[in-house]
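A.B. asks: What follows is the residue order along each chain.
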Amino acid sequence: MEKFSSHTGVGVPLRRSNVDTDQIIPAVYLKRVTRDGFEDGLFSAWRNDPTFVLNNEAYAAGSVLVAGPDFGTGSSREHAVWALQNYGFKAVISSRFADIFRGNSGKAGLLAAQVDEKVVQRLWDLLEESPGTTVTVDLESRTVRAGEGVDAVEDSFDIDDYTRWRLLEGLDDVGITLSHADDITAYEATRPSWKPATL
Amino acid sequence: MGRTLSEKVWDEHVVRSAAGEPDLLFIDLHLIHEVTSPQAFDGLRIAGRTVRRPDLTIATEDHNVPTVDWDKPIADPVSRTQVETLRKNCAEFGVRLHPLGDVEQGIVHVVGPQLGLTQPGMTIVCGDSHTSTHGAFGAIAFGIGTSEVEHVLATQTLMQAKPKTMAVTINGSLPPGVTAKDMVLTLIAHTGTGGGQGYIVEYRGQAIEELSMEGRMTVCNMSIEWGAKAGLIAPDQTTFDYIEGKPEAPKGADWDAAVAHWKTLVTDADAEFDEEIVLDASEMTPFVTWGTNPGQGVPLGASVPYPADFADAQDRVAAEKALQYMALEAGTPMREVKVDTVFVGSCTNGRIEDLRLAAEIIQGHTVDPDTRLLVVPGSVRVRLQAEAEGLDAIFKAAGAEWRGAGCSMCLGMNPDTLAPGERSASTSNRNFEGRQGKGGRTHLVSVPVAAATAVRGTLSSPADLEPFEKGASHPPQEPPVTVGSN
Ligand code: SF4
Chain A
1 MEKFSSHTGV GVPLRRSNVD TDQIIPAVYL KRVTRDGFED GLFSAWRNDP TFVLNNEAYA
61 AGSVLVAGPD FGTGSSREHA VWALQNYGFK AVISSRFADI FRGNSGKAGL LAAQVDEKVV
121 QRLWDLLEES PGTTVTVDLE SRTVRAGEGV DAVEDSFDID DYTRWRLLEG LDDVGITLSH
181 ADDITAYEAT RPSWKPATL
Chain B
1 MGRTLSEKVW DEHVVRSAAG EPDLLFIDLH LIHEVTSPQA FDGLRIAGRT VRRPDLTIAT
61 EDHNVPTVDW DKPIADPVSR TQVETLRKNC AEFGVRLHPL GDVEQGIVHV VGPQLGLTQP
121 GMTIVCGDSH TSTHGAFGAI AFGIGTSEVE HVLATQTLMQ AKPKTMAVTI NGSLPPGVTA
181 KDMVLTLIAH TGTGGGQGYI VEYRGQAIEE LSMEGRMTVC NMSIEWGAKA GLIAPDQTTF
241 DYIEGKPEAP KGADWDAAVA HWKTLVTDAD AEFDEEIVLD ASEMTPFVTW GTNPGQGVPL
301 GASVPYPADF ADAQDRVAAE KALQYMALEA GTPMREVKVD TVFVGSCTNG RIEDLRLAAE
361 IIQGHTVDPD TRLLVVPGSV RVRLQAEAEG LDAIFKAAGA EWRGAGCSMC LGMNPDTLAP
421 GERSASTSNR NFEGRQGKGG RTHLVSVPVA AATAVRGTLS SPADLEPFEK GASHPPQEPP
481 VTVGSN
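Protein chains in written order, with full-length UniProt numbering: chain A, 1 to 199; chain B, 1 to 486.
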C-alpha cells in the first residue's frame with residue numbers, strides 16, 4: 001500500500017446524506033474479479049443526470065469527496081472503496097461513516113476523514129460557490145483546509161490512531177499479523193475440541 | 001463488575017492485545033461467497049501465502065446464481081466467470097465449497113446455521129454485511145471487506161477495536177400476526193440507520209426469548225441496517241434444540257461439553273451496557289417502509305408521511321428525495337399503495353418457517369392478476385423441505401413463481417430484477433434506490449404482509465383477506481377489492 005501523508009485536490013460537494021453502498025456502486029457492477037475497472041459503476045444511477053455534481057466540468061478532476069452523514073452504509077463491498085479510488089478519489093470527508101466502509105477505506109488506502117457536520121456544510125458552500133477549489137487533507141496534522149480569506153475552512157478531522165499510523169507508513173495488515181504467528185499458534189492450542197470444523 | 005454476553009465471547013477470542021492497537025481476534029468460522037472473495041485469493045497468490053485454516057472455512061455460491069435453469073451453465077458470462085473463479089480458488093486452496101447443484105448450496109447465512117456450523121460463543125465473519133444473522137445463536141458475527149477476507153484467509157484472525165455495548169430490550173409479547181421482521185423494522189425506524197453505529201447489540205427481553213431461531217435470525221440479520229457492528233442473542237433451550245442433530249453439531253460427550261459452556265454465555269446480572277433501548281412488543285403492528293432506507297418505515301395502517309413532519313432538516317430533505325424516487329404522495333394510506341412484484345426470500349426471510357407462513361396465508365387464494373409473486377427459498381435444503389411439505393404446490397396453484405435457491409431479487413445481481421419504475425413488496429432487508437434493479441422501488445415487509453399483498457395487489461395484511469378454511473368446498477373466488485382500513 002502507498003504511504004499517505006497529505007493530499008490536495010479538487011473538492012467535490014456531494015450534498016446527500018445516507019449515501020449507501022448500492023448508490024456508490026450497484027451490485028451489477030460487482031462481477032469483476034480484479035480490483036480495478038470499477039469507476040464505471042461509481043454513482044451509476046446518478047451519472048446520467050446532467051445536474052449530478054460529477055457531470056460538472058469544474059469537478060471532473062475531483063479527488064476529495066465531501067459527503068453528508070452516514071456515508072457508505074449498507075453492504076460490506078470493498079468495491080465501493082475501489083470504485084472511488086479507481087475514479088480518482090484519494091479522500092472522503094463526512095460527518096459520519098458506516099463502520100465497514102470506514103474499515104475498508106483504511107485497508108485499501110482511501111482516507112475517510114470524519115469532521116463536524118458544520119465543517120461539511122461550510123465546505124459544501126465554499127465548493128459550490130467556487131467550483132474547482134482544492135481541499136487539503138493532511139493526515140500528519142489531522143486537518144482539512146480549503147479556500148482563502150473570510151470563507152477559508154480549516155478544522156481538524158477524526159481518524160483512529162492505528163489506521164492513521166498504518167496509512168502514514170503504508171503498511172500491509174497481513175504482514176503485521178503474521179509477525180505474531182506464534183501468538184496465533186499458541187491460541188489455537190487452547191481451542192476446545194468440540195468447536196466445529198468444515199473439513 | 002460482571003460482563004455482558006458480547007464481552008465474554010470477545011474476551012474468549014483475543015489472541016493478542018496491546019495498548020494503542022486493536023485486539024487480534026481469532027475467527028472460528030469464515031464463510032465465503034463468489035462476489036467478495038476473488039481479489040482476496042489473488043492477494044494470497046501474489047504474496048505466496050496459503051489459507052491458514054481451510055478447516056474453519058466454507059464457501060457457497062449465492063449472490064450471482066440463477067434461480068431458474070440452475071442445472072445449466074450460467075448464461076451471463078461475467079457471472080459465470082466469477083462463480084468459476086470461486087471454484088478454482090477453493091480447489092487450489094483446499095476450501096470446502098457447495099456449488100450450484102449441490103444439496104447444501106444456498107445463501108451463505110442460511111447454509112451456516114442449517115449445517116449446524118453456526119454455534120453459540122463463536123466468532124464468525126464473511127465478506128457480507130448480513131453476517132450479523134449468525135448472532136442469533138449467541139455468536140459475534142459481522143461482515144468484513146475483501147482486504148479483511150484476505151487477512152482472515154492468511155491468518156484466521158482479524159484486528160478489531162472493541163466496540164461499545166448496547167442492550168435492546170423488547171418487553172411483552174408480539175400480538176398475533178406480528179413478526180420478528182415487524183419488530184426489527186419498528187426498531188430501525190426508532191433508531192435511524194446510524195443509531196447502532198459503533199455498538200455490538202444484545203437483543204433481549206420476553207419478546208426476543210419467545211422468538212423461534214428463524215425469528216431471531218431475522219432480527220439479528222437486520223442489525224447492520226441500523227448501523228450496528230453486530231447483534232446477538234443469548235443462547236437458550238430454543239438455541240440448543242435447533243442445533244442438536246444438525247450435521248456439524250457436536251455429538252455425544254462433545255455435545256455435553258459444548259452445552260455446558262454455552263449455558264455460561266449470558267450477560268451477568270451486574271454487567272453494564274454503554275447504552276440501552278427499551279421497546280414494548282405488545283404495541284407493535286405490521287410495519288412497512290415507504291422510503292429508500294430501512295429506517296423510513298411506518299405501521300401498515302398509517303399513511304405516507306409528510307416531509308414537513310420531520311424535525312431534523314437532513315431527515316426532511318432525505319424524505320423529499322425518497323418520496324420522489326418512490327413516486328409516492330405524502331398522506332396516501334400505505335394500504336392503497338399498488339405493488340407490481342412481491343418477493344419472498346433472502347437471508348432475512350427465506351427460511352422454511354417463512355415459506356410455511358407464506359403458504360398458509362396464500363393457500364386458497366390467487367395472486368392478483370396485475371402482480372407477480374416470486375418465492376425463492378434460501379437454500380436447496382429449504383427448497384427440498386418445502387417441496388416435501390407440498391408448499392411449492394400451494395404457491396404454484398396460487399399463480400406464484402417457485403424458484404431455485406439464492407439471493408435472487410434481494411440484490412438483483414442475477415436476472416431476477418425489477419424493471420425501472422416497478423414497485424415491489426419485499427421480505428428482504430434493503431430498500432436502497434435501485435437495490436432490486438435500476439429504478440426499482442422497494443417496500444420492505446414481513447412475510448405475512450408479502451403474502452397478503454400478493455393476493456390483493458396493494459400493501460395488505462392477512463387480516464384484509466377473506467378467510468379460507470382448509471377443506472372448504474368453495475374457496476373464495478375473488479380476493480376482496482375494497483381498500484382495507486385499520
Ligand atoms: S440474500 Fe440479500 S442480504 Fe442476504 S446475503 Fe444475499 S444479497 Fe446479501
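These are computed hints drawn from the structure, not numbers from a lab. Hints are not guaranteed to be accurate.
As the list claims (entries may be wrong) - Listed below are the simulated DSSO-like cross-link pairs for lysine-lysine, each with C-alpha atoms no more than 27 Å apart in a straight line:
#1 A/K195 <-> B/K338
#2 B/K162 <-> A/K195
#3 B/K72 <-> A/K118
#4 B/K338 <-> B/K438
#5 B/K438 <-> A/K195
A.B. asks: Taking the hints in turn, state whether each one holds.
C.D. replies: Hints, verified against the model:
1. A/K195 <-> B/K338: Violated - the C-alpha atoms of B/K338 and A/K195 are around 49 Å apart, more than 27 Å.
2. B/K162 <-> A/K195: Satisfied, since the Cα-Cα distance of roughly 23 Å is no more than 27 Å.
3. B/K72 <-> A/K118: At roughly 55 Å apart (the allowed maximum being 27 Å), A/K118 and B/K72 break the hint.
4. B/K338 <-> B/K438: At roughly 19 Å apart (the allowed maximum being 27 Å), B/K438 and B/K338 satisfy the hint.
5. B/K438 <-> A/K195: violated (43 Å)
Hints 1, 3 and 5, counting from the list given before, are not met by this structure.
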